[in-house]
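**Student:** Chains A and B are the protein sequences, given in the same order. Residues in the first sequence are numbered consecutively from 357, following the working numbering. Residues in the second sequence are numbered consecutively from 163, following the working numbering.
Hints in this document: simulated from the structure, not taken from any laboratory. Quantities reported herein were computed from a predicted structural model and do not represent experimental measurements. Even for Gly, the Cβ is constructed at its ideal location relative to N, Cα and C. One or more of the hints may lead you astray.
As the list claims (entries may be wrong) - Here's a subset of chain B near chain A, in silico, CB distances under 7 angstroms, partners left out: (1) I173; (2) L174; (3) I175; (4) K283.
Stated by the list, open to error - BS3-like, lysine-lysine: derived pairs with alpha carbons at most 25 angstroms apart: (5) A:K389 x B:K168; (6) B:K225 x A:K389; (7) A:K382 x B:K168; (8) A:K386 x B:K225; (9) B:K168 x A:K386; (10) B:K263 x A:K386; (11) B:K293 x B:K321; (12) A:K413 x B:K187; (13) B:K235 x B:K317; (14) B:K191 x B:K235; (15) B:K172 x A:K386; (16) B:K402 x A:K362; (17) A:K412 x B:K187; (18) B:K293 x A:K386; (19) B:K283 x B:K402; (20) B:K187 x A:K362; (21) B:K225 x A:K413; (22) B:K286 x B:K254; (23) B:K366 x A:K413; (24) A:K413 x B:K293; (25) B:K168 x B:K187; (26) B:K235 x A:K362; (27) B:K172 x A:K377; (28) A:K362 x B:K411; (29) A:K362 x A:K377; (30) B:K293 x B:K283; (31) B:K199 x A:K382; (32) A:K412 x B:K172; (33) B:K283 x B:K254; (34) A:K389 x A:K377; (35) A:K377 x B:K199; (36) A:K412 x B:K283.
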Amino acid sequence: MQAYIKNGNLIVNDLVQDSEKESFNKFIYKAIKYGINTVALYNIEGEISGIEFITKKGE
Amino acid sequence: MYSEIKSSDKILINRLDENEKILLKDIYKRGNLSSSKFEMNELTDESGEFGGVMLNLISLDNKDITIETDIPKALTVTVGDNYSLNIETDIKDETPVIYFKSSDNTAIYENLAMTTGISFKALKTLEEPAKLYYTIAAENYNTTNGSINLSIIPKGTQKVVFEVYDEDNLPITDVLITVTDSEGTQYIVNEEDNLNTKYVELPKETYTIKVQPVDTERYEEYINENYIITDEDLASTDTKLELITLQYK
Chain A
357 MQAYIKNGNL IVNDLVQDSE KESFNKFIYK AIKYGINTVA LYNIEGEISG
407 IEFITKKGE
Chain B
163 MYSEIKSSDK ILINRLDENE KILLKDIYKR GNLSSSKFEM NELTDESGEF
213 GGVMLNLISL DNKDITIETD IPKALTVTVG DNYSLNIETD IKDETPVIYF
263 KSSDNTAIYE NLAMTTGISF KALKTLEEPA KLYYTIAAEN YNTTNGSINL
313 SIIPKGTQKV VFEVYDEDNL PITDVLITVT DSEGTQYIVN EEDNLNTKYV
363 ELPKETYTIK VQPVDTERYE EYINENYIIT DEDLASTDTK LELITLQYK
């Protein structure tokens, strides 16, 4: 799993293992439920593949 | 930059190159995601410099309760006596409520909804052990349950209260009461608050009860040589009341 910063936002993406997917999906579900300023990212199959933390200035 | 999901609450981000270190440190310092539900914790690398962050969701899920007191698995109690069990937990941020109930509702007087433990009174003896179930609840915690095997045994003695009257049903206070068992052991009879009332604690046995009036010219002496304290008496929580009437001469 890799992370990068794009346009000031922190992105965690490119999941590899199924075991990571389960925990990661739970993390995203909780982050949205808790109201953390995030966006779920999807791959071309429509599965959640990552999360973007809206961390850029002014957000 | 490397990332790893550590749990459903934590994501590790480290192995930064110099450019990523500057950008991520800037995000970390900005802290615009920080809230009571999310925090970004700084990690340091081998040289002690900024080396990454741990993204940490602060779980709103209920926490488990840890009981810090050794609660017995089994308990033997005497009928009629009050018992208290202190139960301490790791809950420090709120006040827990501790409920309990007995599998035999007729055997236990329950004092529900305490905060520091359970307190009860055994009402009658049981041939088979009962279960005493307890539940510890607090708002932001998972409820925890347990049980204690409870044996209720007879008490060792029965309290007998004597009240002495004349044939007109007026109380007589000036009497000497003696209680003697089959081996000649005499039991001390104590004064109760009421002037014509005296009591004694007796184990299971057959006794001789003698009531001697001070006014021997007016009243006959009373003797009962077959006064029995039974198993049923010992299993009861009630005081045994004996009304004695002295005959006129």
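**Student:** Indicate, hint by hint, whether the structure satisfies it.
**Tutor:** Status of the hints after comparison with the structure:
{"no.": "1", "hint": "I173", "result": "6 angstroms, holds"}
{"no.": "2", "hint": "L174", "result": "9 angstroms, violated"}
{"no.": "3", "hint": "I175", "result": "5 angstroms, holds"}
{"no.": "4", "hint": "K283", "result": "47 angstroms, violated"}
{"no.": "5", "hint": "A:K389 x B:K168", "result": "19 angstroms, holds"}
{"no.": "6", "hint": "B:K225 x A:K389", "result": "18 angstroms, holds"}
{"no.": "7", "hint": "A:K382 x B:K168", "result": "12 angstroms, holds"}
{"no.": "8", "hint": "A:K386 x B:K225", "result": "16 angstroms, holds"}
{"no.": "9", "hint": "B:K168 x A:K386", "result": "15 angstroms, holds"}
{"no.": "10", "hint": "B:K263 x A:K386", "result": "37 angstroms, violated"}
{"no.": "11", "hint": "B:K293 x B:K321", "result": "28 angstroms, violated"}
{"no.": "12", "hint": "A:K413 x B:K187", "result": "13 angstroms, holds"}
{"no.": "13", "hint": "B:K235 x B:K317", "result": "22 angstroms, holds"}
{"no.": "14", "hint": "B:K191 x B:K235", "result": "53 angstroms, violated"}
{"no.": "15", "hint": "B:K172 x A:K386", "result": "11 angstroms, holds"}
{"no.": "16", "hint": "B:K402 x A:K362", "result": "87 angstroms, violated"}
{"no.": "17", "hint": "A:K412 x B:K187", "result": "12 angstroms, holds"}
{"no.": "18", "hint": "B:K293 x A:K386", "result": "40 angstroms, violated"}
{"no.": "19", "hint": "B:K283 x B:K402", "result": "19 angstroms, holds"}
{"no.": "20", "hint": "B:K187 x A:K362", "result": "14 angstroms, holds"}
{"no.": "21", "hint": "B:K225 x A:K413", "result": "35 angstroms, violated"}
{"no.": "22", "hint": "B:K286 x B:K254", "result": "37 angstroms, violated"}
{"no.": "23", "hint": "B:K366 x A:K413", "result": "87 angstroms, violated"}
{"no.": "24", "hint": "A:K413 x B:K293", "result": "62 angstroms, violated"}
{"no.": "25", "hint": "B:K168 x B:K187", "result": "21 angstroms, holds"}
{"no.": "26", "hint": "B:K235 x A:K362", "result": "59 angstroms, violated"}
{"no.": "27", "hint": "B:K172 x A:K377", "result": "13 angstroms, holds"}
{"no.": "28", "hint": "A:K362 x B:K411", "result": "115 angstroms, violated"}
{"no.": "29", "hint": "A:K362 x A:K377", "result": "22 angstroms, holds"}
{"no.": "30", "hint": "B:K293 x B:K283", "result": "14 angstroms, holds"}
{"no.": "31", "hint": "B:K199 x A:K382", "result": "15 angstroms, holds"}
{"no.": "32", "hint": "A:K412 x B:K172", "result": "21 angstroms, holds"}
{"no.": "33", "hint": "B:K283 x B:K254", "result": "29 angstroms, violated"}
{"no.": "34", "hint": "A:K389 x A:K377", "result": "18 angstroms, holds"}
{"no.": "35", "hint": "A:K377 x B:K199", "result": "22 angstroms, holds"}
{"no.": "36", "hint": "A:K412 x B:K283", "result": "65 angstroms, violated"}
Checked against the numbered hints above, the structure breaks hints 2, 4, 10, 11, 14, 16, 18, 21, 22, 23, 24, 26, 28, 33, 36 and satisfies the rest.
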